[in-house]
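Enquirer: Just so it is clear: in the sequence shown, position 206 is 206 by full-length UniProt numbering, and no numbers are missing.
Each statement offered as a hint is correct.
Below, computed lysine to aspartate or glutamate pairings styled on EDC-like, alpha-carbon distance capped at 20 Å:
id : residue 1 : residue 2
1  : Lys534    : Glu500
2  : Lys766    : Glu331
3  : Lys72     : Glu138
4  : Lys214    : Asp298
5  : Lys173    : Glu143
Keep in mind the hints are simulated off the structure, nothing from the lab.
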Amino acid sequence: MAADSDTESEVFEITDFTTASDWERFVSRVEEVLNEWKLIGNSEEKRLSEKSEFTSGTWEENFEEINFADFKFEITYHFLKQEHVKSNKKEELEEDAVPLAVQNLLSENNDFPPRAHCLVRWYGVQEFVVISPGSNCEAIISESKCNLLLSSISIALSNSGCQVPVFVQIQHKWRRMYAGECLGPGLRTDFEMVHLRKVPSQYNHLSGLLDVFKSKISCTISPVPPVSIAIRFTYILQDWQQYSWPQQPPDFDTPLGGEVGGVEFGKLPFGACEEPISELHLATTWPRLTEGLVVDNDVYSDLDPLQAPLWTVRVRTTENPQCLLGDVLSEFFKLCCIKETAEEILGRGMAEDEGKENSDISSALSKLTEPSATVPIHKLSVSNMVHSARKHIRRQRHMDESPLNAGILNTILLYLFPDAAVEKPSEYTKTKSEQSNTPGKTEQDKNSDNLFSQLKSAPSDSLTYRLALCLSLVNYNYGGLRAVAHVWQEFVLELRYRWENNYLIFGLAGGSPDLRCCLLHQKLQMLNCCIERKRARDDARKVLDEGKERAHRESGSSAAAVTSTKEVSPGKSWDSWSDSEEEFFECLSDQGDMDAPQTEEEKTGSKRKAEGRLHQYNSMNLLNSSEPLYVPVTQEPAPMTEDLLEEQSEVLAKLGTSAEGTHLRARMQSACLLSDMESFKAANPGCILDDFVRWYSPRDYVEEEVVDDTGSLVMKGHLSARMKIPGNMWVEAWETARVTPARRQKRLFDDTKEAERVLHYMAMQKPADVTLHLLPCLIHGTILKLKEEGECVCLMCPIMSRQYIYIYIYILKIWLSEKIAQYTVITQARSLKAKFSICDKAENREDLEIFVRSLLEEPEVLVIGAGQGPAGSIIHRMFVSAQRAAVLAPLDEDLNQERQSTESSRVPDFPSPAGREILLRTCVPRPAPYSKALPQRLFCVLLKDEFRLAGAFSSDTCFF
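All chains should be modelled from the sequences, with the hints used to inform the complete structure.
Expert: Written as structure tokens, this is what we have:
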């Protein structure tokens, strides 16, 4: 038993040294990743970076995850992408055995890059590997773990032959502490770092930092190689009080004043309510200094920023500044979610107490002595007021609780309907085609108006466009939702007033609705069409009445007068006839009974007098007679909006594909054709279907050369094959068509019915519906405003070079994210333009514009001429003004003149630098005097609450 127990104890003491430990697996995995990324050996495809390539070049990275036992690490390879340049001389590669990272330590091409990884700025490397703890892992704080990790990296680099520096992130991530190593043939470079919260007093200047650097490299040769120095001081300007405010103060004397950034109707507000440029950073750089040529210690310093040979500037913008245009868009967009009607929002019920209305009739009659907000200034009369008594009663009852007072409401309505302020009727009855030909409108303006077709909004000089801008401003500045509902109700009342009084709506193109525009604009155009038709009919009636009256006076017979009156409309007055369903253009005495069956003579019209002729058609004659063929006066097709077209399409589609449905569909679609046939018969007595087809559809009449009885060639025509199909719609319509001129036909377009439909549609629109209708117009206005302001600040911003439709989508995305990047850029440009005093008469205006544009597009901009150049002089004056303002000292008129007072001379032109960066470089043998001379580098960062030393020290591993 004792022997067995001894055997068991010996078995448990056996250790298997062939099993890899966690540490060995970690080192092996690092080597595998370096091999996968092809970082083994000295790469011949890499070259030393060129001037400013760190900023202008493209940085890329590769990423992998590795484990050390159960601890996760992230390994990332950062590198500057370069074109592959292969050398044909292998001897050069052998002689230049120093790794590329070590060569970068002495390179002066990319000192202080404005936009790069912190390790790139500190050590000047163009490729490196970083190993850091995973996102959910704790930081490596203990010294033993740091040493273990660094030793593992050293072994991986030695085994793989990788010459790319590898860094390990230690301490907490916010400290940005890295330790690393780079191995090459016969050399090793150690990357070390010191990070403190406060700057030690003995190292707060160049002299102390030189002592640290020299003590670290421990150079034992004599004379000591000189140290190359590069210095960069950064000054921050935050005080803009001496410059103009972002927005002009409100003008309380104007009718619409009282709001910051408030503008007149028709112009969207623009600009930020706060300063969009928060800081200006001026970096003064001395790129190449030698030890001994400059003095900087705790007593005296030669580093005067005005004498720095290199100035660079960057601006820091305010994060998400409050911008007026963005707020207007966002607030208007919120109206789309409102479900209440205008009546509910204003607190007015649809059914009102009639007794209360009657009791307020005196209030309505008092309107006769004062202008109305909705009734145009012209044509104010007793009949107008009595006709709209109910409307005035309703408005008077709620005048005290109306969101908008009478003054603002009148201003708004006069902006929407500017023709109401014109006394001469001829001025406001002009058609849109006449209104658009106004002087001062350039060809560029007309071309920009075509933007509405891409956005499906409305022309920029139309009523719909003005309404969109007006409601957005009313919503933002003058009462919000209730004010919008109030304006919309007054707008609808004005439309009804114009329809009832035959006043054309100003700012709308004549003719049929433009389907390229939004639906609301089409509805307004439809209403204008109705007004035009009604005016034309009333004018024709007036001319007819005047002719009859003239005939009555000439005849002097009362009997003739009676007969003339009966001929106009037997049994009907003009007013009752105007509102009837069976309305005709001109109902004359020879109309006859429309329901009576047609005789053969009525079908052909061979014995009737020709009526409704326009002009002769191409010198053609009728086929069955020698009479010329005349073009008839026809009715215009009924205008349609896109919703009516869609409704009509749905009705026609529901008829199905049966024979009866197809026949009914054909009859519905042939109303205009039937009217034209009747007009053609009236203008061409004795015509046949072939004559009509020759004029109406020439392609359906085929002419051929045939041989007649005498043997000669003659032209003979006949209808096309589709016209001869049995049951052809054209043949059927021709047989049923009466001989009726257009002026006596039933109207194809019932303007009274359509106008009431439009007005009802308008009255039933909720504020949310109106917002959705006007949204494209407001986007249209926003794009034009961005373009206008961008041109004013001489900026060709990236967004403005895109297609307009993509800008539309971009602005919609802006609303969703509540950010307007393009808008912010323009406000920043306006602010910088004001600060740098760029005006038309300024000297070096073009150079300053390029400088301002570069500040917004580039991370850091070189100031040409440093402190003596045009931009540098302005920047200098900015700092001087801020310094004087800080101590309430007077600012001298001319900076070049001698200071006038002792107080002002004691005030420095620049504040203490917010940051100081000092770069020390040399090449000395280490660790022994006979070792190979290798690059040494120390990057020093001195801030108010941070002191950092990042050193790269190279040692000879062959001769030490």
